[in-house]
Every structure is written in structure tokens, then in C-alpha cells.
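Chemist: The primary structure of each chain is shown beneath.
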Amino acid sequence: MPLPLFFKGVALNSKYQDSINSAIVRMEGITKTFGGLTALDNVDFVLRESEILGLVGDNAAGKSTLMKILIGAYSTTKGQIYYRGEPVQIDNPHDAHDLGIEIIYQNLALCDNLGVAENVLLGRWPRKWGLFVDSAAMKNKTHSVLDRMGISIQSLDQEVATLSGGKRQTVAVARAISFDPDVLIMDEPTANLSPEASDHVLSLAQSLREQGVSIIIITHRLSEIFGVTDRISVLRRGKLVGTVTTSEVTEDDVLELIISGKRRRKTE
Amino acid sequence: MSNEKVNSQSSDGQPGQGGLNSWYQFTLSQFLHSYEFGITVAFGLLFLLIGIFAPRFWRISNLLRVARSFSFIAATGVGEALVILTGGIDLSVGSLMGFSGILTGWLLHNGMSLWLALTIGLLSGAVAGLLSGILVTKANMPPLIPTLGMLSIAYSAGLFITQGIPVTSFGPQEDLFISLGSGFIAGIPNPVIYMLLMVLVGWVFLRKTPLGHAIYAIGGNEEACALTGISVDRIKMFAYAASGFIAAMSGILLTSRLSLGDASNGRGDELDVIAAVVIGGVSLAGGRGSVAGVLVGAAIMGVIRNAMVLMGISSFLQGIVIGFIIIFAVLLDRVRLWLTSSE
Chain A
-4 MPLPLFFKGV ALNSKYQDSI NSAIVRMEGI TKTFGGLTAL DNVDFVLRES
46 EILGLVGDNA AGKSTLMKIL IGAYSTTKGQ IYYRGEPVQI DNPHDAHDLG
96 IEIIYQNLAL CDNLGVAENV LLGRWPRKWG LFVDSAAMKN KTHSVLDRMG
146 ISIQSLDQEV ATLSGGKRQT VAVARAISFD PDVLIMDEPT ANLSPEASDH
196 VLSLAQSLRE QGVSIIIITH RLSEIFGVTD RISVLRRGKL VGTVTTSEVT
246 EDDVLELIIS GKRRRKTE
Chain B
81 MSNEKVNSQS SDGQPGQGGL NSWYQFTLSQ FLHSYEFGIT VAFGLLFLLI
131 GIFAPRFWRI SNLLRVARSF SFIAATGVGE ALVILTGGID LSVGSLMGFS
181 GILTGWLLHN GMSLWLALTI GLLSGAVAGL LSGILVTKAN MPPLIPTLGM
231 LSIAYSAGLF ITQGIPVTSF GPQEDLFISL GSGFIAGIPN PVIYMLLMVL
281 VGWVFLRKTP LGHAIYAIGG NEEACALTGI SVDRIKMFAY AASGFIAAMS
331 GILLTSRLSL GDASNGRGDE LDVIAAVVIG GVSLAGGRGS VAGVLVGAAI
381 MGVIRNAMVL MGISSFLQGI VIGFIIIFAV LLDRVRLWLT SSE
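In order, the protein sequences belong to chains A and B.
My numbering applies: residue -4 is where the first sequence begins, and numbers increase by one.
My numbering applies: residue 81 is where the second sequence begins, and numbers increase by one.
Hints in this document: simulated from the structure, not taken from any laboratory.
For every residue, glycine included, the Cβ atom is placed at its ideal position computed from N, Cα and C.
Check each hint, because a few of them may be wrong.
Claimed, not checked - Simulated coverage check for chain B against chain A, where a stretch passes if three residues somewhere in it have a Cβ under 8 Å from a Cβ of chain A:
{"no.": "1", "region": "280 to 291"}
{"no.": "2", "region": "301 to 310"}
What the hints assert, rightly or not - On the chain A side, residues computed to face chain B include the following (Cβ under 10 Å):
{"no.": "3", "residue": "His89"}
{"no.": "4", "residue": "Leu105"}
{"no.": "5", "residue": "Trp120"}
As the list claims (entries may be wrong) - Below are the EDC-like pairs computed for lysine to aspartate or glutamate, each with C-alpha atoms no more than 16 Å apart in a straight line:
{"no.": "6", "chain 1": "B", "residue 1": "Lys288", "chain 2": "A", "residue 2": "Asp152"}
{"no.": "7", "chain 1": "A", "residue 1": "Lys63", "chain 2": "A", "residue 2": "Asp90"}
{"no.": "8", "chain 1": "A", "residue 1": "Lys162", "chain 2": "A", "residue 2": "Glu191"}
{"no.": "9", "chain 1": "B", "residue 1": "Lys288", "chain 2": "A", "residue 2": "Asp129"}
{"no.": "10", "chain 1": "A", "residue 1": "Lys162", "chain 2": "A", "residue 2": "Asp194"}
{"no.": "11", "chain 1": "A", "residue 1": "Lys234", "chain 2": "A", "residue 2": "Asp36"}
Hey, can you work out the whole structure from these sequences and the hints?
Modeler: Following this line, the structure appears as C-alpha cells:
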């Protein structure tokens, strides 16, 4: 099968080959149309093992659509997804979950009226005697997830509604981590957060990467992800216009890609 | 990386040194700030005040009579609370009480065995509730519509079965049937024991079982529940079916207590049931409240009605007083939610 290019005009190079070799997720030739509208046009996307990848682009660039295809919320019109090198069919969120792909939605999808532990294990509350929720086991499991993240919350009974924005984000991350995912998608994780809380969430992402989790951060805030991402993929009008190594580019380079779809220096 | 270690709980999930105290302090603080605590204190004060102005109120015989009078509302309120906690509402409970009682009485009158008649009566309520639940979840109807329809259907079906003539005799097992609602255990009227049992079962179910937790979760964020694989539709259908089942149970006991199967039994009670649930602190938006609160809500309404009778206040004023209490209770809940979000 001919290997795809990240964007037109760039020859296949060794970095791209490395990407494919170390890819945990590879999406090839992804096209998605809604009626007459093409939301994604022949997109090739690679997420490597244990990396943080920033997925950026203007509004309606196709970021969310691409990720919704990866988690099975949307089907593809054309294209193939590979997971650890094997072609896979992801028809619904359960399929993605079974593969080890989790997403944290921008609205966090938390139940404000429930406690921290109940939210972290939402719908998967441990049972006692088959009939009752085992509160102690629920708290133990939540503690172990929070410990893994290096976080502690005053009381696991505390209603999520009473937590700060940063801690609510922490609870959402903890829920995703409780599934022990290999791939974690964070949709605008720092939106509506204070700078301190944003730093906290991003450092959490770095910590998870160190534990072997591959992370995709969808964001508008370029400055924030420059400190944490290994690579950045840029979508523009439904096309992937470039994937760059963060340490080799400046914010202006990425901004130029977002705006014009071109860049002075060569992308991968 | 930043670390928000602010408590003293150990990593094994058990409170660490000093953590036990803070845990209890937190739980106590939660309880003291809860609506249920506020309304229980309010009920206690009301209880004392009425007794001061009408000493007959405190007599055991009067208290048992009052408890029996609101027992059917409180017990049916447990089922209604399940529905309201999911963010829905069931307007059919009053008519289902009447219909199930009539159906059971009519079957007994026609010679059916007690247990079979009871089973059919209870199932009729559950099936009617389930139908409402299916229409809410699968046909995406606002809960008001199918339950309002069921209110009308159940009332008319009750009239149709008996052709408008109340059932007053209950066949060969009449004594046993009537003793269900009219009897006493250790001096306590059976309906009061039934009410306490329903509240206890409802409390354990909602607080301790995964299904109960899921009901609260759905009321909190239905979309989040669906995303995490909770069977939202099935659980909502269960809530409506349970509400119908409990309404039927209350209706059968009411028929037994009155020795009368009549379509007017329970008619209009849905408003008292919903009022008890709301006064008891169950949020109409779903996700918040408890069945213990429903018991207190029903008790407040029952006690005020009794006090007005004892003090010789016109019974025509009862509706006005109860109406103001409902509005005040909802207002209080709004203020509490506003304060919580402000914090």
C-alpha cells in the first residue's frame, strides 16, 4: 500500500517513516462529508506511543470531527484507522473504549450533584454482595487513580458542583484514567480555566505521558501547548496542512500554518 | 508538576491521621447544610408550636391518626421521587391509586383469590407506569403529556370497570383484605408501617444500590450518563414503572382502609404527592433530594391540616396555607442552590 503524505508537496522522509513505525494510532485518507459539505478531506494523522500531540486549527477546521471519528461518534465516509498497526473498525464509543481510547469532553460531562468518587467511576460503581454500591471500594479505587495522577481532593464525597474549575477538570481526567487508557483525547482542556489551573492540567498531561499514555490535546491556545507537546498537527478547512516537531518551530510558524496552510520551513 | 495535596487521607483510601475527624466534620457539615436538615428542624418547631396552641395535638392517638392520614401520600411520594429525581414528573399517581384499588376490589368482589387480585392490581400500576416511561424515553414526549394522559385513562378505566358504582363488598376474603389497610401491628396502624417501610426501602435503594446512584446521576447530567454507558432509557422506564407500582400499592391499601373501591379514591392526590416531594426537598430539576425529605414534606402537610382542624380554622384555608408552603419550599431550594453555586 502506498504510504500517504502529511501534506501535498512534501516528500516521504525518514521522520514520517519513524512516525508510522512508532504509531499507536494511524488514520489514513480520512474523509468525512455531511451532505454536500466536506468536513475532512483525505486526512492522514499519526499519534505516536507516549507522546503529547497538539491538534490545532481554526474554527471548523475539522479537529473535533477527526477526533469524533477516532472515538466512534462519527463514521468515516472514506479512510482507514490503524491501531497498533492493525486495521480497526470503530463504530461507536464502546469500540474505542475497548481499544483503550478515551476522551475528555470540553464540557467535562460531569454530574454536578454527585461526589468526586461517584463521578470518577460513573456507572461503574463497585458492588458489595452484588446488590449494593461498595463505597469503601469506590473510594479506594478513586484514591488509587488520584494517587497515580499525584492529586488529592479534600473529600471524595464532596459534590463536584462545589469544586473549582481546575479540580473539576481533574475529576474528568481521573474518570478517563480510571479506564487505564492507552490513548487520551483532551478536548480544549484549559478552556475556562485560570492560568494556574491550566498549568496544573497540562502538567497532569505530562505526568500521564511519562506513564506511557499517548495524548492528543485539541486546543485554540497555542502558547499553552508549546510547553508540553512533542508535536503539533495543524488542520485547515478539513485538511491536515502539517505536522511539526514542537521543539523545531516557533508559535509564528504554527500560526502561519493555521492561517495560510503553508510554512517557510519544512514540516515532517 | 503541581500537586494539590490538601487533605490527610492516605493512599489506601482510608482516612489517615487526623483524617477521621475531618471526614466526620465534613459529613456533619454536609448534613447541617442540607435541605433535609433545615426542613426537619422546621418540622420540629412546627410540631412544638402546634402542641403549645392545641395540646390535644400531642396525644398519641391523634398523632397516629395524623400519621395514617398522610401515610398514603408519603408512600406514593417515594415512587414519585424516583421519577422526579431523573428529571421527570408523574401526574398519574393519584388516578392509578384509584384504578388499582377499584380493579383489585372488583376482582375480589367477583370471587378471585386475594393474592391473585393483589398481584393483578399491583401489576396494573406497574404496567401503566411503564407505558408512560416508554412514551417519555422512546417517543421523546415531555413527561407531563403521557402521565397526564395516563391520569385520564386510569380514572375513566376505573369508572368503566364498575360502571360508576363503587365496590363495597370484597368477596369471600373480604375480612383479610380489609385488615390490610385497617389493621394494626403493635398498636401502629398498618398504613403507617407501610409508609415507614416504603421510605426505608426507598432510602436504601437510592443511597446504596447502583440503580439508585444511576437515578441521581441521570438527574444530574443525562448526557454524561449516556456517554459513560449508563442505560438511561431503561432506568427512566424503571422509575416510572416503580412509581406506578407504588401508587397501586397505596391505592389498594387505601381501598382496604376505606372498605370502598371508588374512582374518586386518590383523585387529586397527585398534587399532594408532588407537593410532599417538593416540600421535602426533591428538586424538580432532578438529581437532588431524598425520600426522608419526602416523609417530612408529607408530615408537614398532614400536621398543618390537623392543626387547623384542632384550632378551629376553616378547612377552606388549608389549600391556601399548603400552597404558600410549596412556594416557600421551592423558593428556599432556589436560594440554597444559588448560595451553593456562589460558594
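Chemist: Look at each hint and say if it fits the structure.
Modeler: Outcome of the hint check:
For the region 280 to 291 of chain B, the stated coverage by chain A is satisfied: 3 residues place a CB nearer than 8 Å to a CB of that chain, which reaches the threshold of 3. Counting residues of the region 301 to 310 of chain B whose CB lies closer than 8 Å to any CB of chain A gives 8, which reaches the minimum of 3, so the coverage claim holds. Given hint, A/His89 at the interface with chain B, holds; its Cβ is 7 Å from that chain's nearest Cβ, closer than 10 Å. Of the supplied interface hints, the one on A/Leu105 holds, with its beta-carbon coming within about 6 Å of a beta-carbon of chain B, less than 10 Å.
Evaluation of the A/Trp120 hint against chain B yields a held restraint, the C-beta minimum of about 5 Å falling below 10 Å. Proposed proximity of B/Lys288 and A/Asp152 is supported: the alpha carbons are some 14 Å apart, at most 16 Å. Restraint check: the Cα-Cα separation between A/Lys63 and A/Asp90 comes to about 12 Å, which is no more than 16 Å; the hinted pair holds. Of the pairs offered as hints, the one joining A/Lys162 and A/Glu191 holds, with about 11 Å between alpha carbons and a cut-off of 16 Å not exceeded.
Distance check on the hinted pair: B/Lys288 and A/Asp129 sit about 8 Å apart at the alpha-carbon level, within 16 Å; holds. Restraint check for A/Lys162 and A/Asp194: satisfied, since their Cα atoms lie roughly 12 Å apart, inside the 16 Å limit. Taking the CA atoms of A/Lys234 and A/Asp36, the gap is about 5 Å. The hint holds against a cut of 16 Å.
Comparing the model with each numbered hint stated earlier shows that all of them hold.
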